[in-house]
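Undergrad: So the chains spell out like this:
There are 2 protein chains.
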Amino acid sequence: MKLYENPPVDLWNKLIKRPLFNCEDLHDTVQKVFTDVEQFGNQAVIKYTNKFDGVQLNEFEVSKEVIRASEEKVSPQLKQAISLAKTNITKFHRSQLNENDDQKVETSIGVKCWLEKHPIEKVGIYIPGGTAPLFSSILMLAIPAKLAGCKEIIICSPPNKDGVLSDVLLYTSKICKVDRVFKIGGIQAIAAFGIGTESVPKVHKVFGPGNQYVTAAKQYLQNYQIPIDLPAGPSEVLILADDSATPEFVASDLLAQAEHGTDSQVILVSTSKELINKVLKEVELQIPSLSRKHIIKKSIKFGRAIWFEDVNQAIDFSNAYAPEHLILVTQNSDEVSLKIKNAGSVFIGNYSPESVGDYASGTNHTLPTNGSAVQYSGVTVDSFKKSITFQTLSPMGLVEIGPYVEKLALAEGLDAHKNAVSIRLKQLNKTI
Amino acid sequence: MKLYENPPVDLWNKLIKRPLFNCEDLHDTVQKVFTDVEQFGNQAVIKYTNKFDGVQLNEFEVSKEVIRASEEKVSPQLKQAISLAKTNITKFHRSQLNENDDQKVETSIGVKCWLEKHPIEKVGIYIPGGTAPLFSSILMLAIPAKLAGCKEIIICSPPNKDGVLSDVLLYTSKICKVDRVFKIGGIQAIAAFGIGTESVPKVHKVFGPGNQYVTAAKQYLQNYQIPIDLPAGPSEVLILADDSATPEFVASDLLAQAEHGTDSQVILVSTSKELINKVLKEVELQIPSLSRKHIIKKSIKFGRAIWFEDVNQAIDFSNAYAPEHLILVTQNSDEVSLKIKNAGSVFIGNYSPESVGDYASGTNHTLPTNGSAVQYSGVTVDSFKKSITFQTLSPMGLVEIGPYVEKLALAEGLDAHKNAVSIRLKQLNKTI
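Chains A and B, in that order, give the protein sequences. Everything in the first sequence is counted per this note's numbering, starting at 245 for the first residue and increasing by one. Everything in the second sequence is counted per this note's numbering, starting at 245 for the first residue and increasing by one.
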């Protein structure tokens, strides 16, 4: 890790920079796949599954039987762990359901306004494949989708070389009440979500992690007016710690982040040079025992350890970096946490490793990366809803505000807007 | 308007289609302006303001003096109307501030999670120019931004031929406590928002209506990871009415929508052929007296009047169309409104013309168009906020869920994630 001491503010822009993540060069590939899926539907999906995943499939949907059968193939211990995670994620996300909805507000006498949140009917969830499928992302996306009331929850995930999906993925889909699961991956999966084919229904919003191809395809969905959960980037952690932090723990959290990929971002910010030194030593001690050390060694090299004399500078730096994950281990961490303005998810104290949030504390692990925590939220129940506003005016209500609306409409040169009010007021004056 | 009777469901896709709104052909122009603003900052803005707006400006920011001076130049009647609108918009949007935030949830013993909403610090609001500036959009965007707690609210609006902005626009900015106002329009304004120049600060999210150039530029902001309020399209209304509706009123609402532009969408859906006939006659009667009849005649030609025998089919059609504005005037409109699943804003009853929502009922007029009400919300206070989740585990809390997290992490092949838990549990077991 690279060391910095009291970096001046004008150096921060360099220190908060992430590696460029450009999808422009994938644009043509993505466009081609989307055009083909639009034109040839399933046939295009078959073609690209063969081309990109090296599997020949003619039927993509996983049958109810196969999904049911997955139950026996997952170990009881793992089922128990998934169940605990499901319980906690459900508890926290249920608390996001807002009873305040639909409260009617009388803005003027006889003018009632209210807002209702309604579920997005059909949502697509993409789950990457590979040796270890991220079934935890199903928990993080299907649970809030169900709580929101989505009618149809559909998963696409790339088949392995044998043309199947892992049992734990299918089992998790089952207990999360996912409606349909398709063995489709990459760009063609996102295209199927956005356009729909003979087998795959077109969805209204697309969620889930993925590699650069999936990310580029999700961006391309904008052209189909289909929103996505978040702009994706490499995962990252910033740890803000002082002498109250246990160096071994801090090191293990940096390494947990570093194992995600060679482009993972790890940053340690501290007011204690002693802690920084101890942590750097611990990092070296722990690496050898870790199975993904080959990845870790690459990513940790680009890590940064930054010493600030003043804790408020350290906090300002963290807010400027706007980390996806922020681990906070300081004397008065509650006080410090009140000053956090930009972050995806915050982990407070020595016993709150980031990995608990990835799986089972209850918070969502679908979080803004690449500094976008400045303006984006992680996934919540509201990510699966949209709101509708309502208003109803009594005759009295229109008499109250109508004359003002007439003036405002005229001032904007819209006299048909004015007329819609005038014609009603005229009739009311007659009847009064 | 074109008439349809009981159109079969398989015809609906044709009937709910909007005119294609493609920005792809503007892509090169937009890209050029953004690249220039990135490279030359203010100089590029000066160049394009000259080129596109035909005005030579070297200073873009409107001075506090000029803004203050606008106050005397707006009529007391208009000020009074703006003040009423401001009051109602504030009342309704304040009700969206959710006291439930920050409630801590104990998902497992010793595991506390909570969610905090924080304001997006800097937001940009674009206000189109032209003969009649849409100052109402300032009310609709600056008021919720202030309520959300945004630190810096910045307006860009194109200067007129004399290089100034209208007094009512400046006055409205002033009473809405907008921080800075710039005389910049079109693509170069959106580029300045997204990139920042020597004068214009880079913002974190961009809001506001605009022509196709502004829309294309707002879409392009995705490349800078800057979100926008909504994908824009032509404005539209669907009126769902039966014999309980007053034909004159319905006609006036169709015409109010039609005056927006030649591409405005107006649809009348009814279970009463008699009402449809009366409304169509009324439309012809009212047009001649309207100042924007030249626009209205063009857009109304593409309007649709659709008769359904069954009211539930009419409702299903409305949900399939997902109108920006839905006017509901039926016998049991409260009951019908419960079946509305997709719409931007709903106006219930004979005395709730759509124009009250454009200005003064209190609801927001920045709404999803082009069918995107299926998955997008209109602007709310939350559009100016993002959420951060927090969690803190006591030693007991980690003992509770740690062993499960270890299993889940291993199942995903992430043993450094497991290790971050194990290393803590080991230490706790020692100390226990």
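Everything labelled a hint here was simulated from the structure, so no lab data went into it. Nothing here was measured: the structure is a model prediction, and the numbers come from that model. Certain hints may be false.
Note that identical chains are pooled: a pair holds if it fits in a single copy or bridges any two copies.
Pairs of lysine-lysine residues, derived as DSSO-like cross-links and limited to a Cα-Cα distance of at most 27 Å, are as follows [claimed, not checked]: (1) Lys348 - Lys258; (2) Lys517 - Lys317; (3) Lys295 - Lys537; (4) Lys670 - Lys390; (5) Lys366 - Lys541; (6) Lys541 - Lys335; (7) Lys323 - Lys651; (8) Lys330 - Lys541; (9) Lys390 - Lys651; (10) Lys405 - Lys390; (11) Lys317 - Lys545; (12) Lys585 - Lys366; (13) Lys261 - Lys395; (14) Lys308 - Lys395; (15) Lys537 - Lys651.
Undergrad: Work down the list of hints and note, for each, if the structure agrees.
TA: Do the hints match the structure? See the list:
{"no.": "1", "hint": "Lys348 - Lys258", "in the structure": "neither (49 Å within a copy, 36 Å between copies)"}
{"no.": "2", "hint": "Lys517 - Lys317", "in the structure": "neither (50 Å within a copy, 61 Å between copies)"}
{"no.": "3", "hint": "Lys295 - Lys537", "in the structure": "neither (31 Å within a copy, 57 Å between copies)"}
{"no.": "4", "hint": "Lys670 - Lys390", "in the structure": "neither (49 Å within a copy, 37 Å between copies)"}
{"no.": "5", "hint": "Lys366 - Lys541", "in the structure": "neither (42 Å within a copy, 38 Å between copies)"}
{"no.": "6", "hint": "Lys541 - Lys335", "in the structure": "neither (37 Å within a copy, 56 Å between copies)"}
{"no.": "7", "hint": "Lys323 - Lys651", "in the structure": "between (65 Å within a copy, 10 Å between copies)"}
{"no.": "8", "hint": "Lys330 - Lys541", "in the structure": "neither (33 Å within a copy, 58 Å between copies)"}
{"no.": "9", "hint": "Lys390 - Lys651", "in the structure": "between (46 Å within a copy, 25 Å between copies)"}
{"no.": "10", "hint": "Lys405 - Lys390", "in the structure": "neither (31 Å within a copy, 54 Å between copies)"}
{"no.": "11", "hint": "Lys317 - Lys545", "in the structure": "neither (40 Å within a copy, 63 Å between copies)"}
{"no.": "12", "hint": "Lys585 - Lys366", "in the structure": "between (33 Å within a copy, 13 Å between copies)"}
{"no.": "13", "hint": "Lys261 - Lys395", "in the structure": "between (40 Å within a copy, 23 Å between copies)"}
{"no.": "14", "hint": "Lys308 - Lys395", "in the structure": "within (18 Å within a copy, 52 Å between copies)"}
{"no.": "15", "hint": "Lys537 - Lys651", "in the structure": "between (70 Å within a copy, 20 Å between copies)"}
Comparing the model with each numbered hint stated earlier shows that hints 1, 2, 3, 4, 5, 6, 8, 10, 11 do not hold.
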